[in-house]
Structures are given as C-alpha cells and as structure tokens.
Amino acid sequence: MIAMKTLYLLVPLAPLAGALAAGLFGRAIGRRGAHTVTILGVLIAFLASCAILVDVLHGNSFNGAVYTWATSGETRFEIGFLIDRLSALMIVVVSFVSLMVHVYTIGYMADDPGYQRFFSYIALFTFSMLMLVMANNFLQLFFGWEAVGLVSYLLIGFWYTRPSATYANLKAFIVNRVGDFGFLLGIALVLAHFGTLDYAGVFSQAPGQAGATLELLPGSHWLLLTVICLCLFVGAMGKSAQFPLHVWLPDSMEGPTPISALIHAATMVTAGIFMVARMSPLYELSQTALSVVMVVGAITALFMALIAVTQFDIKRVIAYSTLSQLGYMTVALGASAYAAGIFHLMTHAFFKAVLFLGAGSVIIALHHEQDMRRMGGLRKYMPVTYATVLVGALANAGLPPFAGFFSKDAILEAVHASQLPGAGFAYLALLAAVFVGGVYTFRLVFYAFHGETRVDPHVLEHLRESPWVVTLPLVLLAIPSLASGWWLGKVVFGNYFGSSIEVLPVHAGIAELAAEYHGLWSFMLHGLAGLPFWLALAGAALAWYLYTVRTDLPKRIAVAFGPLYALVEGKYGFDELYSWLFAGGARVLGKGLWRGGDQTVIDGVVVNGSARVVGWVASVVRLFQSGLIYQYAVSMLVGVVLLTYWFLRS
Amino acid sequence: MNLPLLSLAIWVPILAGLLVLATGGDARAPLQRWLALAGALAGFLVTIPLYTRFDAHSSAMQFVELTPWIAQFNVNYHLGVDGISVLFVLLNSFVTVLVVIAGWSVIESRVAQYYASFLILSGLMNGVFAALDALLFYVFFEATLIPMFIIIGVWGGPNRVYAALKFFLYTLLGSLLMLVAFLYLYNKSGGSFAIMDWWKLPLPLGVQILLFFGFLLGFAVKVPMWPVHTWLPDAHVEAPTGGSVVLAAIMLKLGAYGFVRFSLPILPDASRALSGFMIALSLIAVVYIGLVAIVQNDMKKLIAYSSISHMGLVTLGFFIFNAYGVEGSLVQMISHGLVSAALFLCVGVMYDRLHSRQIADYGGVANVMPKFAALMMLFAMANSGLPATSGFVGEFLVVLGSMKTSFWIAFAAASTLIWGAAYNLWLYKRVIFGAVANEHVAAMADLNPRELVVLGLLAAAVLFLGVYPLPFTEVMHASVNELLRHVALPKL
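Note that the protein sequences, when read in sequence, are chains D and U.
Numbered per the working numbering, the first sequence spans residues 1467 to 2116.
Numbered per the working numbering, the second sequence spans residues 1094 to 1585.
Same shape as in the complex, but just chain U (with noise of 0.2 angstroms):
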C-alpha cells in the first residue's frame, strides 16, 4: 500500500483544522476540541510509517511525490523527505498533539479559530520540510505567517498587536530577498524550481555570495540569528502559551532548515567563503545572548532569549562542515523542539495559575507544586544540557565539532555550558525554591492529569534522547554525507 504520506502529513491537519473552523460557534467549544484532537493525532500517526519505513541507508529523498502544479512555469508539487527533514515532519507533528491538549481548558473564545490557526499551521510547516520545489517551498514558507500572526494577535497578551506586527513584518521583509534569488536560480537552471537541480548549478562566486545573502536574510530571521533577532522575545512574551510552543519549537527550525537544505548544497563555495561570518554571528549569539538571558524578569523572555542562544549552536554546527558539527545541529534542533517546548508550557502552567510571567512574583513553587517542581527541574537541566537529557547531544557533538576546525571556536561554543546553568538554574532557584513567597503562590495547585500527559510525556522523549540517540542520529548519516559531499565539492 503506497499512501501518498507526505501529502496525508501536509492536509490531513489543514482538513481537520478547516473541518473545525467549520463547525461554528464557542457554543460547541467541546466538539471541536476533541475533533482538533482527533485531527492532531491522525496527522501524528501519518507521520509514523515516515520513520519505520525510511531506509536510513540511502541518502535520496524518500516518500517522493511529483504532480505538475503550474504546468507553464514548470512549478511542481514536488515532496519528498530525507534524513535531515524526516524528523522534523514526526516532531511538529508530535508537538502539534500536545498543543491541541495544552490548550483544552485554558482557551475558552473562539475555540474553533484558534484549533483551526494550529493545525493549519501544523500542516503548513510540515509541507516547509517536505517541499522539494523551491516555490512550493517558499509558499508553504510564508503561509506559515498568516496562522502565526492570527494567534498572537488574537489570543495574545495586551501588547499583542505590536509584537505580531513585529514578527509579521521582519519575517516577511526578510525572505522577500530570498525569493528574489529563488528567481534568478530559476532563470539560471533554465527554468526550474527543483532544488535538487539547484544543487548541481555551477555559479560564479560573487554570484553566489550574492545570493548567499539573500538567503541569509530570510533564514537568518527565522533562527533567530543575531542581530537580526529582537523580535523573538517580544513575540514569545505576547503569544499565547500554545503559540510560544509551536514557536519555539517549529518556526525556528524552518530557518535553520533552509540553510542545509538551500545555502550549504546550492552555494557550497559562498559558504565556505563566509563560513567565518557565519561562525562569528552564531558565536556572539551564544555568548552575548547567554548573557542577556541571565538577567531577564520575565519568565517568557528568558526562554526565548535561550532559544536564540541555544539556535546559534545550530547555526555554529552547519558552518564548521563536519559530520559531528551537522549532526550535532539536527540533534540540536529536536532536543531544543522538546525543551524549548516543555519549558514555555511550563510557563504557561504558571501562567493559567498566577496570571504573571515576572519572575519576582513567584518562589517556593516546589512547596505546592512538587510534581511540577521535579518535571520542570528536568526540563531545565535538559535546556542547560545536562548528560542523559535530550539537551546534551547536540551540544556535545557540535562542541567536538568546533574542536577539528580551532579550539577557540570551540572555546566559545561550550561556554554555553556555563551560561546554561546558570540562567536556568537561577531562574529555577527564584521561581522553584525558597520558601512560599506570597498567598498567591500558596494557592497553586499541583499539575493536573492533562498538564502531566503533556509534560510527561515531553519528559519521556527528553530523556530517551538523552540516553539513547542512536535511532536519531542513525537515520541522518547517509545524507548528512551526502550533504557534506557537496558543501565540499566547489562549483564556480
């Protein structure tokens, strides 16, 4: 049986998600959300046979559909998925699940709309790592903003409207330069939007740098990379708790995702020209972002301050052109997918409970929240990249990477084993520790059934990273090979 599963991962949640929307009114809020749930899981379990059937051997793209889409300027529906990308099809659509079931009791208007904006988005973004047609690839791409911009402005905080305008525009002005250079490869390639032909294209190398840095503008602000990050930590503060999630752990990787799939294959000589660049800009971001996420008051800003932080290892892996250093990135970007996740709902368990993210109203959490307290506690271990969570692996190969290409760079890259510990640890002690601060706190109540479903089971898959990546980082060699095959091979 030959199901078309990629296409099944993309529209089965967009299906369901319009299937909700249609439903009407906050007056059937309880059918829509098991109808959201049940679409979650159905596009969660599509996703499955993507693992078990992948041939980790081969380094071709797999599950691979082609149909005609604009015949006359041969724009392909062109899918397929590799070792790189597979994963991140099961991780949005797994973290699709636990949004469905984080927000089931705390959003109470517009239910519909706001399943609806998730699960779109879901497929949305399923359809950016599937795409192998650069203009597929750039509409799934931007269409990821609308469901996006829809969330935080609706169900975000009082600051809202600011934040996602801000996110909306940066976005968008920052890929308008890359597909720019979608059409001139096209024109280039004689006509072709298959990024696979891309990869073949000789270039010249001003050429490519050129459009190296048109690239780099679109992915370099989904990173975040700094400088071009700020809007990150204002849009996390108004998201709502789901929104911040998906965020998080999704739309970030998307603009990692475009440098191996885009820059690295199709520019190899430009990359390699700039890779100091590129190092240097992830280098401050671990340093100077670590240091920045140590004196946040606000619980959300330091997550996302961390994300950027622990995005700039990612970033740094990519550029030192190593099996260890890509790898380790790929890995990265799950574990941070799970943390970064299982952190802003932690947040968001506070929030529902205390309506504050400032961490000066919170301490002494653990008094009332044990259960809480210790799932956090792993949480913020994992995101300070302690050994046996998920959080350490990509670290560790990324920093053993740096070490083939200068100790220095590697230097600086574990140092964030140090700011690690100590903004999530801080952070831990103020909220966590001590005694219970004010009667406010005191009245919190422990995780309830539904908040220890998600956050066990982020738990569960934190830690079975951590102590076993082997089924992970198996199904990447063969084209992360391939990948670095072609970083290495010059084109001019």
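Bound conformation, chain D alone (with noise of 0.2 angstroms):
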C-alpha cells in the first residue's frame, strides 16, 4: 500500500519537479537539460499512471488525503487522490499525450528562444491536469480547474510580443473565469447543504437531498441539484469551450501547436466532460440538468462543426472540429452515456493530439505557414505525416475501423436510446454534425495534402519531412488513433468503470445497449448498415469532389450563399457581440461610476461640497469679526433686547 501511494504522489510531483527545474534553473541547465528533466518527469509519471491502471484494473482503489490544506469552521479542506478506473484511465491518457507532446516539441521548437520555459510551462500543465483528475473533492479539483486556465494563459500568449497572442490569452482567460465564476457557486452549494467537499461524502448525501429546493427567487423553488448541476455545469461549459462560452478556443490557436495539440485538443478541455462524469452520481439525480447539458453538446456540435467548413487556417479547422467533438462527448453525458463519453474523450485525444500535431509538422515545415490556400499536393513531400493525419482524419470522421468510429456510434446510439427532453434534437444534430464532420476533416486532407501544390516556390524547395522526433510521437499517436477503438467493448459495454460513475435504472440505455452488444464485428456490421456511416462516407466524398474534382466550386457555393456564409465564417457573430456587449459594456460602467459616482457625486459633491460648506460657514462667520466696536457694539444692544423681551415674554 506504501509503494502504491508513492506511485500516485508520483503521478503529478514529477512533472511539477521538471518544471520547476526547467522554469528556475532554465538558463544554468541549459536546453538540453531543460527537455530532459521535464521529459524525465512525465515519463516517470507515465509509467507510475500505467501501473496504477494496471492495479486498479486487479480491483484495488485509493480515496485518502495527503494533506490538510485549511481548516475553518468545522470544516477541514483537504487535498487527497481518488484512484478509481475513472481517473485511472484518465491519467494514462493524460500522461501518454503529454509525453508525446513533450518530445515533439524538441523538434517543434527547436529555434524558440524561450525553449526552456515553454518545457516548463507544459510540465507545469501536465501536473495541473494530473492533480485535477486525481482530486477526491472539489477543492482540489477547483485548484486544477483554474491551473489548466492559468498555464493555458500562459501558454497561448507564449509568443508574448505578438498582440494577437495576448488578446487572445486575456479573452481565454477571463471566458474560462466566467465558466469558474458558475463552478465556484456550484462548489459553495455543495458545501452549504452538504456541508463537506469530499466526493464519497456528498455522492453518499445525494440521494437523501434528490427533493429538496431552494428558493431562488422569491416564490420560484428550483431543485437544489438541478442548480448544483447546472452551475458546476457552467464551469464545464467554460473549461470544455461549449456554446456559449467557445469563444476562447479558437484564438487560443495563437499558442504554438503543440500546446494546441495538448492542452486545446486532448486534455484541458476535456475537463469539464471528466468533472460531469465524475459527478454523475450528481447530474444523474436531476432530469433537466441532464437535458441543458445534452442540448447545449448538440449545438455545440453541429454549429461548430459548420464553422469549421468556412475556415482556412488549417489550426481552426482542428480547433473548430474539437469543439464539436467535444459537443458530442458534452450529449453522451446528457444522455448518462458517461462510459461512452469518457471513451470518446480517450480516443479522440489521440485522433486530436494527431491532427493538430501533424498540422504542427506541416507548419514547420513551412516556415510557419498555417494558411491552407497556400498548402496542396503536401503528401508528396511528408509522407509520414500524410499518413498519419489520414489516420486521424478516418478517425475524427468516424470511419471504421477507426477510433472515432466506435465512441462516436456509441454515443448516436445512446443519445437515440434516451428518453430526455431534448434527446431528440440532440440525435437529429448529431447525425448532421457526422455529416458536416466528414466534410471539414477531408476537406482539410484534400486541401493540404492532395492536388496541386500552392506552397511558394521558395519554400517548396526546401520542403522535406520533419524530424523523427516529429515524427516518432505521430507515429505513436496514431497507433491508438486507429486501435483504441477496439476496446469499445471492454471501456463502454464491458462495465468497466463500475461504482466511479452512476446511472440510474431509467437512464440505463448504454446497460440496454450492452445487452445488445456481441462483440467489435457485429457491431461494426450494424454500423455499416447505419445512417451515421454513410452520412459520414458522403461527407467525405463531398470533400473530395469539391476540392480534388471540381475545386472553383466551393468559393461560387461561398458566393450563392452570401449572407449566410459570412455568417457562418464569421462564427455567427459571437465575438463581436462579447466584445461589444461585455467588454465595452464592462468599460462603460466602470467609466460611468468613476466619473459620474466617484468623482462628480462623491468627491465632487460630498467631499469638496463639505469642504465649500465649511469654507461658506467661516466666511459668514468671518464677518462677524470684523474688529469694529460700533458693529459688536449695535449687535450686543439687539442681543439685549432680544433677551429683554424673551424674559418678559413668560
């Protein structure tokens, strides 16, 4: 049991040891010292979280503490690791896309003068998000939540100088603020009713408060968990960049790649999906909460994916696609499908981590092109990383016998079993997002990698493969990208995750599914026969006649389309409302209340208002003072009769 605990102490101090190296000591230990010490670290976390699965898969668990934080009240706030399957599976994938990550971007960055603290704020990310999914409670979890924000600031405005970089960091800043801004009040709830922070304690609870309200307003009486759902929901809403509060994500893209591919892609928003699983004892005990959270995935899918289709920087294609994957993940929890939303969080961090990774190698290799009208015919020249974006590109399309395919049918087929409110919706945008999905992701393949090239000559002369430790982690990555599907039977059907996520018997249609489940073959078969396979298979082939076969087409659709094209390309006016709306309406109050409250009310009327009162005052009483003995004389012969005839009065 002591070797086990060091394990899961292990699991985030080592890459928080690398960075710490690499962040302090960066100049005396040099680059090479840099990369190594942090790589050191999270492959020693690797291996620890591989062992920890291994164990937990021979049925051990761990919920302790490692120490008391904080004590107030009665209350002790503690910091502490649940080692279940849940967070089990999810360190090993965390761990192994960080690793992957890190040796790429040897490669990546090799000419960035800031190298060493690039090393370090990924090993600093990798330790926030161990910590995160590792927590017992929500304190811990709430520290991880605002880590991964705060590394990913960092991270995205790395390139500091460019303006773009910092305005995008500051917004990805304070929309994920707005996101914890509802997790914080969906934290504080839980402790005023349940009165501690540690999950056993408030899963245990739940039940017993399923029936009681609280009065939101006076007279409205609202479920006590549907608001503790939809608040932590909030947060999630914020972390995992679901409509409304995307709009970070795809200026996040201003970061270089590899964070794209490590932080925007396969882990960091994945939290808020890893948080509703983890709370589904929670979320299971309210219907609407579980129905906002599957309505809001199915937009969030559907809409984003069309995005997607209008851009031409190849970085927002991939973050365009993430968000909408990320929607259906976001409708599997609507649906209690939490097994098939966590299996479609594992499988897609390696298809994602592959996407973006390769687009990295791509836009290394052309000297920081990112724009793909100017790519084309690229297969030629990078074979392996053509290949492995192919792989990546099956998989987010949902291809068999890709990954994606089988999370994302897991989730159509739930989301098709459920009863919910919404579940309807949510299936039909689905099936459109399957569709939309298959043409963004191959017109993408098509685009940069097929037909005839666009590169500039100058560059095109240069143009030749990426590194092997480029390529390495592709090559790595795209291994599960193809196989991690298969385990769909053991992760989802198989009750893998067993007591760490909860459904109830009405929600049960993954236990229906599984019924009906007989075996990889069989339920590829019934996909073949599915909607969603050709839906996905016309996608692609869309992409392929419009930019192989008749590529002038897309921009006359662009043209025909006009008004609404604009407005899909520029992601239906999002940003420019916030911008208006809360960062101008921000300024505006806040000028308003200085100006108008601070310096006219109360300084100008109040403050000085008095001085001048007192100032008025002297001054009447100045003249009484006037030093001449007639006046004081007159005014002393009036105050004698005045008195006189007050006396005689009475």
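Think of the hints as simulated: they come from the structure by calculation, not from any bench.
Hints may contain errors.
[What the hints assert, rightly or not] Below, in silico cross-link-like pairs of lysine-lysine (DSBU-like), each with a Cα-Cα straight-line distance of 35 angstroms or less:
#, chain 1, residue 1, chain 2, residue 2
1, U, Lys1584, U, Lys1497
2, U, Lys1497, D, Lys2057
3, D, Lys2037, D, Lys2057
4, D, Lys2057, D, Lys1846
5, D, Lys2021, D, Lys2037
6, D, Lys2057, U, Lys1584
[To be verified] With the C-beta cut set under 8 angstroms, the calculated list includes, among others, these residues of chain U facing chain D:
#, residue
7, Arg1121
8, Ala1164
9, Trp1292
10, Ala1416
11, Glu1420
12, Ala1459
13, Val1461
14, Lys1464
15, Pro1480
16, Leu1490
17, Ile1511
18, Ala1514
19, Ala1515
20, Leu1518
21, Leu1563
[Stated by the list, open to error] To spell it out: a stretch of chain D is covered by chain U in this simulated footprint if at least three of its residues, at any positions, have a beta carbon under 8 angstroms from a beta carbon of chain U; those stretches are:
#, stretch
22, 1536 to 1545
23, 1621 to 1629
24, 1640 to 1651
25, 2046 to 2060
26, 2068 to 2077
A virtual CB, placed ideally from N, CA and C, is assigned to each residue, including glycine.
The task is to assemble the complex, starting from two chains supplied on their own in separate frames and drawing on the hints.
Here it is as structure tokens:
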C-alpha cells in the first residue's frame, strides 16, 4: 500500500519537479537539460500511471488525503487523491499524450528562444491536469481547474510580443473565469448543503437531497441538485468550450502548436467532460440538468462543425473540429452515457493530438504557414505526416475501423435510446454534425495534402519531412487513433467503470445497448448498415469532389450563399457581440461609475462640497469678527433687547 | 523568561525610529539605513515568539500586560492578542522590514526622517492591534495618522498636499464619532475603558444602532468602504512607494480590525439588525469598484481600487456571521497585505526606472525585465484569486460562507473572479506583454538583488499561504468561535 501511495504522489509531482527545474534554473541547465528533466518527469508520471491502471484493474482503489490544506469552522479542507477506474484511465491518457507532446516539442520549438520556458509550462500544465483528475474533493478539483486555466493563459500568450497572442490569452482567461464563477457557486452550494467537499461524502448524501429545493427568487423553487449541476456545468462550458462560452478556444490557436494539441485538444478541454462524468451521482438526480447538458452539447457539435467548413487556417479548422467533438462528448453525458463520453474523450485525445501535431509538422515545414490556400499536394513531400494525419482524419470523421467510429457510434446509439426532453433534437443535430464532420475533415486532407501544390516555390525547394522527434510521436499517436476504439466492448459495454460512474436504472441506455452488444465485428457491421456511417462517407465524398475534382465550386457556393456563408464564417458574430456587450459594457459602466459616481457625486458634491460648506460658514462667521467696535456694540444692543423680550414674554 | 513581547513589538520600532532620527542629517544616510534595518529586523524578531508560543486552543487574550496609565480615569496600558489580532502584528512587522529594504537606494533626501516615520508608524500600528483598552486603542489609532501624513506630505508626488490633507481630514473626522461612542460606553460601563468589559455590557437596540454608526464612520473610512473610499486612490497616487505599501498592507486593516474587535462583539444586536446594510455596502464595493478598477489609466489607482474591492470581501465576510466568512476575511486581510504590498512595490520598481505610473507609457516590459515579469505575474494572479496563491484562500472561504446566507450574495461576491481577472490581467497585458513600447522601456534594467529579495520574500509568502494556509487558519479558530458566540448572544 505504501508503495502504491508513493506512485500516486509521483504521478503529479514528477512533472512538477521537472517544471520547477526548467522554469527556475532554465538558464543554468540549458536547453538539453530543460527538455531532459521535463520529459523524464512526464515519463515517470506515465509509467507510474500505467502501473496504477494495472493495479486498479486488479480491483484496487484508493481514496484518501495527502495533507490538510486548511480548516475552517467544522470543515477540514484536504488535498487528496481518488484513484479508481475513471481517474486511472484519465491519468494514463493525459500523461501519454503529454509525453508525446514533450518529445515533439524538441523538434517544433528547436529555434525558439523561449525553449526552456515552454518546457516548464507544458510540464506544469501536465501537473495541473493530473491534480485535477486525481482529486478526491471539490477543492482540489477547483485548484486543478483554475491551474490549467492559468497555464493555458501562459501558453497561449507564449509569444507575448504578438498583440494577437496577448489578446487571445486575456480572452481565454476571462471567458474561463466566467465558467469558473459558475463552478465556484456550484461548489459553494455543495458545501452549504452537504457540509463537506469530499466526493464520497457528497455522493453518499446526494440521494437524500434529491427532493430538496432552493428558493432562488421569492416564490420560485428550484431543485437543489438541478441548481448545483447547472452551476457546475457552467464551469464545464468554460473549460470544455461549450456554446456559448466556446469563443476562447479558436483564438487560443495563437499558442505554439504542441500546446494546441496538448491543452486545446487532448486534455484541458476534456476537464469539463471528466468533471461531469465524475459527478454522475449528482447529475443522475436532475433530469433538467441532463437535458440542458445534452442540448448545449448538441448545439456545439453541429454549429461549430459548420464553422470548421469555412475556415482556411489549418489549426482553426482543427480547433472547430475539437469544439464539435467536445459537443459529442457533452451530449453523451446528457444522455447518461458517461462511459461513452469518456471513451470518446480518450479516442479523441489520440486522434486530435495526431491531427494537431500533424498540422504542426506541416506548419513548421512551411516556415510557419498556416493558411491552407498556400498548401496543397503535401503528401508527396511529407509522407509520414500525411499518413498519420490521414489516420487521424479517418478517426475524426468516424469511419471504421478507426477509433472515432466506435466511440462516436456508441454516443449516437445512446442518444437515440435516450428518453429525456431534447434527446430527439440532439440526435438529429449529431447526425447532421456527422455529415459536416466528414466534409470538414476531408476538406482539410484534400486541400492541404492532395491536388496541385500552392506552396511558395522558395519554400518548396527546401520542403521535406520533419525530423524523427516530430514524426515518432505522430506514429505513436496514430496507433491508438486506429486501435483504441477496439476497447469499446471493454470500456463502454463491459461496465469497466464500475462504481466510479453511477447511472440510474431509468437512464440505462448504455446498459440496454450492452445487452445487444455481441462483439466488435457485429458492432462494426451494424454500423456499416447505419445512417451515421453513410453520412460521414457522403461528407468525405463531397469533400473529395469539391476539393480535388471541382476546385472552383467551393468559391461559387460561398458566393451563392453570401450572407449565410458570411454568418457562419464570422462565427455567428459571437466575438463581436461579446466584445461589444461585455468588454465594452464593462468599460462604459466602469467609466460611468468612476467619473459619475466617484468623481462627481462623492468627491465633487459630498467631499469637496462639505469642504465648501465649511468654507462658506467660516466666511459668514468671519463677517462678525470685523474688529469695528460700533458693530459689536450694535449687535450687543440687539442681543440685550431680544433677551429682555424673551424673558418678559413668559 | 517572560518578556513583555507586545510592548517590545510596539516600542522597539518606535525607539529605533527615534534613534535613527537622532543621528542627524543626510550626511549619515548609510548609517541611518543600517540602523533602520536593524531596528525593523529586531522589531520583527520580537514578534516571532508571539506566534510560536501562541496557544491556538485558547480564545483568551494572550501575552497580556496591564499597567495603570491615567489612574483617575481608569485608563490602562492594557495589551494582549488573540487569534484574530496576533497575525496582524507579525504581518505588520514583516512588511516594515520589506519597506526599509525597498527604500534603500530610492530615498535620498531626509533619509533619517523617512525611516523614522516608518519605524514609528510600525510600532503604533502594533499598538492598535494589541490594545485592549479603548482609549489606548484610540490614541494609537489616531497617532498612526501623523507619520503617514508626513510620509505622504514630504516624500509624495506633485499633488501631495491635497492628498495628505484629504487623507488626514477624512480619517480624523471619521474617528471623532468613534471617540464619542467610546465615551458613552465608558460612562455606561461605570467607568471602564476595557474592551472586554464592554463585550458584556447590556445595551438597548436603539443605543446599539447609534453606537454602531459612530463606530462605522471611523472604521469604514479606514477600510475604506464604499462610499467613503475616495481618499484612498488619491493618497496612493501621491504617496511614495513605501507609503503605499504600508497604507494598503496594514493601515486599511485597522478599520476592518475595528469591526471585529468593537462593532461585532459589543453591538451584536445592531450588527445583526444592520447586516443587510453592511452586506450591501460590501457588495457594492466588490462590483462597483471592481468595474471602476478596470478603466483606470494609472497603475497605482488601479491597485488602489482593487484594494477597495478586496476589502469589500473582507467586510462582507464579517457580516455573514459564520466561521467561513470571518476566517476567510481574516485570511483575506493577511493575503491582501502581502499581495497589495507586492503590487505597489512592483509599480515602484517600474516607477524608479521610468518615472511614470501611466499604463500608456509602458508596454513590453517582459522583454527587458523577465525576472520582474515573472514575479509580477504571480502577484497579478494572486490578486485575481488564483488557487495556490494566498489570494484564493480568503475569497474562497468568504464565497463559501456567503452561500450559507444567500445564493445571490454569494453570486455577487463570486463575481470578483471575473472583475479581478479583468483588471489585473488587462493591466498586465498592457504593461508587461507586447513588443517594447519605446526607448525608455528598452532601457529598463531587470531587478537588482535588493528588489529581488523583497519581491522574492513576498512571493514565497504568497505561495506558502496559498498552498498551506493551515498554520494561519488554525490560530484563528478558537478566537473566531468566541467572537461568533458573542455575536449570537442578544444583549438587549
């Protein structure tokens, strides 16, 4: 047991040690030193995570405190770990993708002056994410929650001299803070009504609180758990970039590509999904919350996929694809198919990392060119990158036998089976998103890698495949992008998660599907006969037609759909709306309160006004002290007369 | 060995200050600096046993000293600390050391007077936190105005006379009614100025409410609470760096401390009756001032407004009457002492190089001052309440506490997450990030060892308190419970 505890501690602390070494002593240990210590730290975390997963698969689990953070009132706030099947799987995925990204970074950031700083940040990020996942209480969850936000802020603004980067990181942090604001309220509600922040304590009391209500406004009673779940979900919407808090994610592509792969595809954005799955004992008790989750996810899945079709920046296409895929996971959560959501989270972590890192490989080979209009025909020059991106694309579009097919199909089936309000809409939206997903994914493949090259001739002369530190992680990630879906039977239908995830019998869509599940082959064959597969294929075929055969058509379609196209390309105007309403509004309000409230009313009228009143009174009083004897004599006389009158009156 | 530790904490800095003053003119500046540092360090060292020997299980006053002072009026030199006040004595003495180091090569004229003012101020503020006799408290409370008035008025900026006068009159007038309230309580209690006697004094609600407003004006101006806060931005802008540091880190806490020492336990019924009013004022500070902070163009004004907003959370925590709230507020006061001190020092570091506080004059400082940029990032994040920094602990506890009272109070309080991120990080973006803005910025040198030590110590404290606040919260429990017991007890 002691040995296992050491392993648990090693998982977050080894990357932290690497981050501190690279961050504080970066100059002393040099570039090689910086990437060695951080990679070593993450490697240790990965190996320890694997050992923990094996241990967990043998039926062990752990729930205990590491140290007491603070005490207040009757409450002990603790830092502690919950190691079960859910967190064990998550730490393996996180540390594996992180390890690949670390290795890849050696190649990608080779010429960057901020090399050590970058390694320090990504190791620190890995630490934060691992702490988040391993938490056994809401406090530590919030720690990790905000810490990934911080490191994401640092990484998006990594190239801090670029105005676009510092704009994007500010925006990302503030939008995330809006989410965290809701999340914090959720946590506070939990503590106020359950008296503890430990998962175990909260979950065990949850059924007893199922009927409790909260009077939010006079006369308006809400189910307590609904309010809690919705508040927590606001946090998830921030972190997992769900509509309408999705606006930060595409801008976050300002950061170097490895970070886009690690944070904005495989890990940080999955925090919200993980959190909801972790909170399944609470969400299960609120139909309203589940419905909201499902509808928000469905909106995100479809409408973000549509934007991806209109983008030309290769990283932004993938970023919108990420948003759409996160929408799928969210829908799965809403349909109580937590296992399917987490399964898609895992497969997506692999294939999205491949896509991002592949895009990065292209970007660096083309000397920081991200516009697909200046790519084309790259497969001849970069065969390894092409092959791995293709694997990622096939998985992303959900074509069999690639990983995404299994995880996505499981979600679709689960939503189809769901009886909750909104499930019908969610199912249709996801079906549409599958088609659009086929289009944007293969648009990227055909546009960037096939056809005539549109690359600048000077660049083309030196164009070659990236070095092994870049291609090796691509290959290592491509393998699970193909194969990780084959664990479907075990993870989703095999009750892998056991007691880590709770599903009420009334929401047992997954269990019903599991009863009909007869192995991978039959699932695949069944899938081949299903609508989603043909929709994805149709999307891919359309992309092939538009971007290799009739390359003139996309432009004409864009013109034909003028305003509609502009609306989608302009991301439905959310950026403009938010910057006008919130950023502008806060400034107008702040200026108004400052100039009007502080300076005019308080200082102008009250403070300086009272000073003026004192001055005026003094100037009046001064008149009496004229120094002229006859004035004093007259006023004395008047006084005597008045006093005499007053005395005589009574 | 039973040294009168509290007396030492008060008089060691004051005597050191007088000693520095006695050394003469600026010709002896190097000696004066070392003397001042020795005095500040000695002052800090004598406070350490206050923590190490403190009995956290007891809510009683500890290290008590009691000597008659003006016997015919029953005024006593009565000192003592409990879990609420002890940490502020330490914080004050710690910050004094930093202020002395920070002024080392910055202050070149009237060095002796400068250091003497700070040392004497430090001793007087320890007196405020340690006084158990109301008249003694009042004397210390008012006496602190004099050195601060001198600090702003002599070493301040161009508009220093207006600012110093505004500061002086605002706070002096505020506390006059407090004195009236003290005298009333003195009569009512049969001639006692002992604060703890007043805790037991039965008072009708109407009287309590009148007294409450008497106290309120004195304390609210000091905190400062909305709407009596407008002296603070002016004072900060004109004060020298060290003055701003002490003002934000310690002086503002005197007012908040007054609420827990006087208003809550002496006037529990009025406190409960008026809690809605106090909560409203506090939340206005959080939201209104948070918004005002966003649009500031002057870095010091921005941090000054952020102080007011954070102090709003402190007063909020006191008036929701539960342990999370009160303990959160106390932690927030300590954290704010560290973080606001650090941020004012950061502005001072930049001001020493560029002689401007205007945000527009900066940009791209990270390129030339990477170490400074990293430290300031930490403090900006701490100021926006990021977990694992001290700024998070208090905010978190206060929000938890207010949820026990009402969802909407917690809602407004938690919005500080958004305002804090907005004004801190927007400031950071404009000043630190970006390309080098002009040749003045290009010529800025990174932190010298002296500055690195000061900011490094604060950074260590901010992180320690964020990662492991237990040693701080543990000290408070017994006294906070005792306080809450007093608040819950009707005494009509």
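Here's how the hints hold up against the structure:
1. U:Lys1584 to U:Lys1497: 25 angstroms, holds
2. U:Lys1497 to D:Lys2057: It holds: about 33 angstroms lies between the C-alpha atoms, which stays within 35 angstroms.
3. D:Lys2037 to D:Lys2057: 30 angstroms, holds
4. D:Lys2057 to D:Lys1846: 58 angstroms, violated
5. D:Lys2021 to D:Lys2037: 18 angstroms, holds
6. D:Lys2057 to U:Lys1584: 45 angstroms, violated
7. Arg1121: 39 angstroms, violated
8. Ala1164: 38 angstroms, violated
9. Trp1292: At about 21 angstroms, which exceeds the 8 angstroms cut-off, the nearest Cβ of chain D leaves the hint on U:Trp1292 violated.
10. Ala1416: This hint holds: U:Ala1416 lies near chain D, its Cβ roughly 3 angstroms from the closest one there, short of 8 angstroms.
11. Glu1420: Check passed: Cβ of U:Glu1420 comes within 5 angstroms of chain D, closer than 8 angstroms.
12. Ala1459: With a closest approach of 6 angstroms, the U:Ala1459 hint holds.
13. Val1461: Because about 12 angstroms separates U:Val1461 from the closest Cβ in chain D, which is outside the 8 angstroms limit, the hint is violated.
14. Lys1464: 11 angstroms, violated
15. Pro1480: 4 angstroms, holds
16. Leu1490: This hint holds: U:Leu1490 lies near chain D, its Cβ roughly 6 angstroms from the closest one there, short of 8 angstroms.
17. Ile1511: 5 angstroms, holds
18. Ala1514: Holds, about 4 angstroms.
19. Ala1515: 6 angstroms, holds
20. Leu1518: Holds. Min distance 5 angstroms.
21. Leu1563: 5 angstroms, holds
22. 1536 to 1545: It holds, with 6 qualifying residues against the three required.
23. 1621 to 1629: Coverage by chain U holds here, the residue count being 4 at a Cβ distance below 8 angstroms.
24. 1640 to 1651: That given contact holds, which follows from 7 residues of the stretch 1640 to 1651 of chain D lying within Cβ reach (below 8 angstroms) of chain U.
25. 2046 to 2060: holds (count 7)
26. 2068 to 2077: holds (count 4)
Hint compliance for this structure: hints 4, 6, 7, 8, 9, 13, 14 are broken, all remaining hints hold.
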